[in-house]
Every structure is written in C-alpha cells, then in structure tokens.
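There are 2 protein chains.
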Amino acid sequence: MVQKMENSQGGASHSESLLFLTDDQLRKGIEAMFFAYRGFTADPDRILEGMDYGRAHHRALHFIHRSPGTTVNNLLAILGVTKQSLNRVLRGLIEDDLVESRVGRSDKRERHLFLTKKGAELERSLSDAQRARMRAAYRAAGPGAVQGFRQVLEAMMDEQARRQYQSLKENAQ
Amino acid sequence: MVQKMENSQGGASHSESLLFLTDDQLRKGIEAMFFAYRGFTADPDRILEGMDYGRAHHRALHFIHRSPGTTVNNLLAILGVTKQSLNRVLRGLIEDDLVESRVGRSDKRERHLFLTKKGAELERSLSDAQRARMRAAYRAAGPGAVQGFRQVLEAMMDEQARRQYQSLKENAQ
DNA sequence: ATTTTATGTCAGCCTTGTTGACTTTCCAAG
DNA sequence: CTTGGAAAGTCAACAAGGCTGACATAAAAT
Numbered sequence: 001m002v003q004k005m006e007n008s009q010g011g012a013s014h015s016e017s018l019l020f021l022t023d024d025q026l027r028k029g030i031e032a033m034f035f036a037y038r039g040f041t042a043d044p045d046r047i048l049e050g051m052d053y054g055r056a057h058h059r060a061l062h063f064i065h066r067s068p069g070t071t072v073n074n075l076l077a078i079l080g081v082t083k084q085s086l087n088r089v090l091r092g093l094i095e096d097d098l099v100e101s102r103v104g105r106s107d108k109r110e111r112h113l114f115l116t117k118k119g120a121e122l123e124r125s126l127s128d129a130q131r132a133r134m135r136a137a138y139r140a141a142g143p144g145a146v147q148g149f150r151q152v153l154e155a156m157m158d159e160q161a162r163r164q165y166q167s168l169k170e171n172a173q
Numbered sequence: 001m002v003q004k005m006e007n008s009q010g011g012a013s014h015s016e017s018l019l020f021l022t023d024d025q026l027r028k029g030i031e032a033m034f035f036a037y038r039g040f041t042a043d044p045d046r047i048l049e050g051m052d053y054g055r056a057h058h059r060a061l062h063f064i065h066r067s068p069g070t071t072v073n074n075l076l077a078i079l080g081v082t083k084q085s086l087n088r089v090l091r092g093l094i095e096d097d098l099v100e101s102r103v104g105r106s107d108k109r110e111r112h113l114f115l116t117k118k119g120a121e122l123e124r125s126l127s128d129a130q131r132a133r134m135r136a137a138y139r140a141a142g143p144g145a146v147q148g149f150r151q152v153l154e155a156m157m158d159e160q161a162r163r164q165y166q167s168l169k170e171n172a173q
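So the protein sequences, as listed, match chains A and B.
When you line the first sequence up against this note's numbering, it's residues 1 to 173, in that order.
When you line the second sequence up against this note's numbering, it's residues 1 to 173, in that order.
What the hints contain is simulated information worked out from the structure, not anything from laboratory work.
Errors might be hidden in some of the hints.
Heads up, the list lumps identical chains together, so a pair's fine if it works in one copy or across two of them.
[To be verified] 16 angstroms max Cα-Cα, derived EDC-like pairs, lysine to aspartate or glutamate:
| # | residue 1 | residue 2 |
| --- | --- | --- |
| 1 | K83 | D97 |
| 2 | K169 | E49 |
| 3 | K108 | E49 |
| 4 | K108 | D158 |
| 5 | K118 | E100 |
| 6 | K118 | D96 |
| 7 | K169 | D23 |
| 8 | K118 | E95 |
| 9 | K169 | D24 |
| 10 | K83 | D23 |
Quantities reported herein were computed from a predicted structural model and do not represent experimental measurements.
Starting from the given sequences, assemble the full structure and let the hints guide the process.
Given below as structure tokens:
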C-alpha cells in the first residue's frame, strides 16, 4: 500500500527525512529523474536531428573528447554497449572525418581515438548546449543544491559505473 | 577552451560555486546524469528482460498506476511519444490483461486506463526495485542532498515537463 | 450538417541496442 | 618459432521503441 505522506515537501524537516523516506518522496525522485533526463538530452538531440547522427554519436564524441587517445575497448566499457553497436557509430564518425583512429604504438592491435578539428567543433556545440542547461539548473537551484544533486546521482550508480565516473572525475583537464 | 578549475570539489566554498561554475564542474554534472540514469533504469530493465516488455511498458504502467483512469491523450502528453508508439505498448498490455481500457462515460471517445490486479502486481515489483535504489541513494547522500537533488532536476526540465511533474507532485495519493 | 477531436490501426522507416559467427592482426607464453 | 588468445573489425539477422503518413471510426462541438 502507498504510505500517506506525513512528511511533505512544503514543510521542511530536513533531518527527519533521512529516516522517514515515504514511498511518495521516493516516487517524486523517480519522476524527477524521468522528466529531467528528457530535458538533459533535449538540446543535443535537437542539434543532431537532421544530421545523420543521434545520441549514440554524441556520447562517443563526448568521451573521446574527454579522454583523447582512448582505445575502443575503454570506450566500450564506459558506454556499456557492444562493440558491434559502437563500431557502427564509430565507422560513421570516422568516415565523416569527425574522429581519427590511430593504430597503437606499443600495441598495434589497439586503436586510439581522437577528435578531428571538425569533430571537436561538433562536440563543442553539443556540450555547449548541454552545459548551458546544466548551468541554468545549477544557478536556479542554488549552490547547496549542486552538492546534493551530485551526491545522490553518484549513490544511484552501479558499482562499475561509479568507478568509471570517479576515475573520469580525477583527471580534470 | 576548457577553463581551469579554480574551484575544485575537494575544497568546499559553497557560496562561490554559484557564481564560478567552471566547465569542469558542469561536465561532472553531465557525466553524473549519464551514469546515474543507467543505474536508475537497471533494476526494472533486469526484471522485464525475458518478458515481452521493456522500458516503454514500465513507463506506461508507472503513470497509469499513478493516475488511474487517465486517458490515452493524457498519457501521450506525459510520456512524450506518438500515439502509434504508445498504442503498440498499450495493445500488448491490454492483451496480456495488465491494463484495462474503459470507454468514457461522459465522452465516449475517450478511453480510461486502469491497471488490473496482474498489472498492479508487475508495476509494484518494478517500482519496488526502483524505489529501493532511490532509497539507498537518498540515505547514502544524506537528508540535505535530497532537497538539492530534486531542485536541480526540476530546474533541468523543459517547461512543459516541469508543469507535468508539478501537477503530478500535487495530487499525492 | 459539418468540422474537429480522440482513438485506433496499418505500413514502413530509423536509431540503437542485441547475438552469433567469422576474420585479421599481433602480443606473449611456451 | 609456433601457437594461443586478446583486440579489433565485419557481416548477418533481429528486437525494442522511437518516428511519419495515411486512413477509419465514433462522438463531440460548432
């Protein structure tokens, strides 16, 4: 049965909410994630529609930008898709000269991925849009909220994803 | 160019971070959303794999449970998909006796949607899993974080989604 | 009586995910 | 040096879940 909310939003009572997490509070969090993720992807999706690309291409560009020279296997692990799925995306990006694939020096089986100038430009325009929304959300919510936001998201990740997130977090450019 | 982070996480300086939002801070938020959303959908996805259902069915069940008797048009607006896409999902759920579609009393063009007992059971098992993760994340992050989490997410939504979210928020059951 | 609205349905397409099978390249261990 | 296995790429086939366009029906609204 759904619990009644003894501990509504309007009030406050921050300290109690740790212990008394009602189904209703949790459901609000779930719905907030659902609606917010739509907003989160909306701007890049708009930019990409019309081009031959989609969200999968955006993600590849993002993480190649983030870790230039990363191998296909690294990218596979971060994106959590199969190599066949990633390969199709990468093939398109390489053909269109947005991504360069260089054979590894020490291990020539590996391919190291880099954005071309053209690729960096597209990545930039996508991340500009996404950052603008994130910036607006952060400012609207206030400085304290940003901490909480990231803490809850981090706690929501699977173990593996959290490790990947944290190792990305460390090597700030 | 990517800005250097003068305002790292390790430090603190909550008050300044409102004004000095570096690209690096914003990127962390973006990546946190990406990885966290994977975790957010992981448990229901696991439950549904093997059944003939997917994430789209989960979403339909969630919002029908949330607003019993909602019309197809309402659901369309909330989910943000086309009627053809939703119809395919609903048809499956109705055939399998998880959802009941009743012709409207006052307006006989409308169909009002309800979960059957069987549908309510599946919805329950899905939302139990999702709530368990949300609860764990809330507890790990602490009571203050929950406020911030929801504030940032709400600010990240499109206008239309925010209105939908808020109107759902109001009629707590 | 006509138009608009709500819904459903058919057909076909796209993106992005999946599995399975197979090849090539090439490092490294025997 | 040979060989096993890892890394990468490719082909084929498929599924989920989006999309558009076209069309049908019933009922409400004008």
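Item to check | Violated constraints from the hint list, given by number and in increasing order | outcome: Hints 1, 2, 3, 4 and 10 are the ones this structure does not satisfy, whereas the remaining hints hold.
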